[in-house]
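Student: Please model the complete structure; the sequences and the hints are all you need to start from.
Protein sequence lines correspond, in order, to chains A and B. Quick note on our numbering: the first sequence kicks off at 1 and runs consecutively. Quick note on our numbering: the second sequence kicks off at 1 and runs consecutively.
Since the hints were made in silico from the structure, they are not lab data. Note that the Cβ used here is the ideal one computed from N, Cα and C, for glycine as well. Please note: incorrect hints may appear among the correct ones.
Calculated cross-link-like contacts (lysine to any residue; reagent style SDA-like; alpha-carbon spacing at most 20 angstroms) [stated by the list, open to error]:
1) 122/B x 77/A
2) 122/B x 61/B
3) 122/B x 120/A
4) 122/B x 99/A
Label-pair ranges, simulated between beta-carbon atoms [to be verified]:
5) 55/A x 117/B: 23 to 33 angstroms
6) 194/B x 200/A: 31 to 41 angstroms
7) 81/B x 68/A: 46 to 56 angstroms
8) 119/A x 113/B: 14 to 24 angstroms
9) 61/A x 78/B: 44 to 54 angstroms
10) 175/B x 200/A: 29 to 39 angstroms
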Amino acid sequence: MTDYESENGTTRDELVQRVALMEEMIAEGRASTARWGWVFVMWGLIYFAAMAWVIFLPFKDWAWPVCVAFGIVVSVIKGRRTRNTGKNQRSRSLEAVWQIFSAGITLYVIGANASGHGTQPAYYAAIFFFIGIAHGISARILRWGAQGLAAAVWWAGGIAMFFFTMRNEILAIFLIAAFFGMIVFGLYAMMLERRRAAEMVQAHA
Amino acid sequence: MTYIERDGGTTRDELVQRVALMEEMIAEGRQSTARYGWMFVLWGLTYFAAIAWTVYLPYTEWAWPACIAACSVVFGIVRSRQSCVEGQIDNLRRHSLDAVWQVIGGGIILYLIAVIASGHGKEPEYLAAVLFFNGLANGVSARILRWWPQGVAAAIWWGCGTTMLLFTTRTEILTLFLMATFFGMIVFGLYAMMLENHMSSMVPGEQQ
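Tutor: Below is the structure:
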């Protein structure tokens, strides 16, 4: 096939350019997620903090609303500074995924707790599945095995929730999923970002 | 700003080309979703058939597995024929949308298997979660395609999911599920099909 041949009105040159652009965008998107690694670590720590408050401190009813509100405020403030750097179609799709999932999870949690269904296994499992799906979609878009593993951790936790329904078991599953699927993944993303930044500095030098 | 001026290492020409490509991709992605309008209608009708079987026919435990299996077969055949006839539209937005629907589809199936295997299929949170899954898929697609009719479909799924947590009798749950399926799937699918018909009846120059 020569450069002038066309298939469905698209020349080979155009296809090559498109593929190159897509590959560049995948790399940019992955770098962009790595740049947001701190968000995963922060939310993982917030989950731990909220759980610790529920177990050890008074006014347990306020633990989750206060911790989640704090997380949202920090994400928005710090996110605004990070947002303006390196935005492309793929990172925009990822942003759409995480924004819609955050809104959906919030609505589901409010609805379930307002109606008194916030203690059932199906409710906890659904939240795990929502988070796992958001990771899974990101992993699929970025073709990133590490984030696929994070998704698998959340899904496995969600399935386990249906079979281990004692309070301590639920707590243990939640903490394991938050640790491996959020904190460890976030630290890995931050490490990648740091390494990428160091390579860029070396390249400039 | 002239054409050779640079902003963050990118020339104005490059930026203009990128924006044009992205706009083209949005249009292609939206058109591609419209082309798959029949899928929404097919799945909506499958839900109705499964519920009708559950309510009126014997062997009710087979209703959902049989209907979903039949629908998946029809879906696979029609989709492969459609791909052969029209070719694949492959761009970043399409790839993202595929990822969204495939992962959410996989997630719903895994969730349902776990629910049934563990005997938690009677809890209202479970059905509400299924409605939320559908709403999330539509919501993310709407946001990626910047397409408000699909946003309305997402809102319908979420609205019915939230309401389901408050109204938990069998009839109420059934009514909410059918309402969400009808408006969020069948009506939206018919609208997408109508749009696709409209676009294909236009001459190529007018489509922009």
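Student: Now tell me, hint by hint, if it's right for this structure.
Tutor: Hints versus structure:
1. Our distance criterion of 20 angstroms between C-alpha atoms is broken by residue 122/B and residue 77/A, whose separation comes to about 42 angstroms.
2. Restraint check for residue 122/B and residue 61/B: satisfied, since their Cα atoms lie roughly 13 angstroms apart, inside the 20 angstroms limit.
3. Among the hinted pairs, residue 122/B with residue 120/A is consistent with the structure: their alpha-carbon atoms are about 11 angstroms apart, no more than 20 angstroms.
4. Annotation: proposed proximity of residue 122/B to residue 99/A is violated, straight-line Cα distance about 30 angstroms (limit 20 angstroms).
5. Checked against the hint of 23 to 33 angstroms, the pair residue 55/A and residue 117/B passes, with Cβ atoms roughly 30 angstroms apart.
6. At roughly 50 angstroms, the beta-carbon separation of residue 194/B and residue 200/A lies outside the given 31 to 41 angstroms, and the hint is violated.
7. Range check, residue 81/B to residue 68/A: about 48 angstroms between beta-carbon atoms, so the 46 to 56 angstroms window is met.
8. Judged by the Cβ atoms, the range 14 to 24 angstroms given for residue 119/A and residue 113/B holds: they are separated by roughly 23 angstroms.
9. The hint said 44 to 54 angstroms for the Cβ distance between residue 61/A and residue 78/B, and at roughly 51 angstroms that hint holds.
10. A C-beta distance of roughly 58 angstroms is found between residue 175/B and residue 200/A, which places it outside the suggested range of 29 to 39 angstroms.
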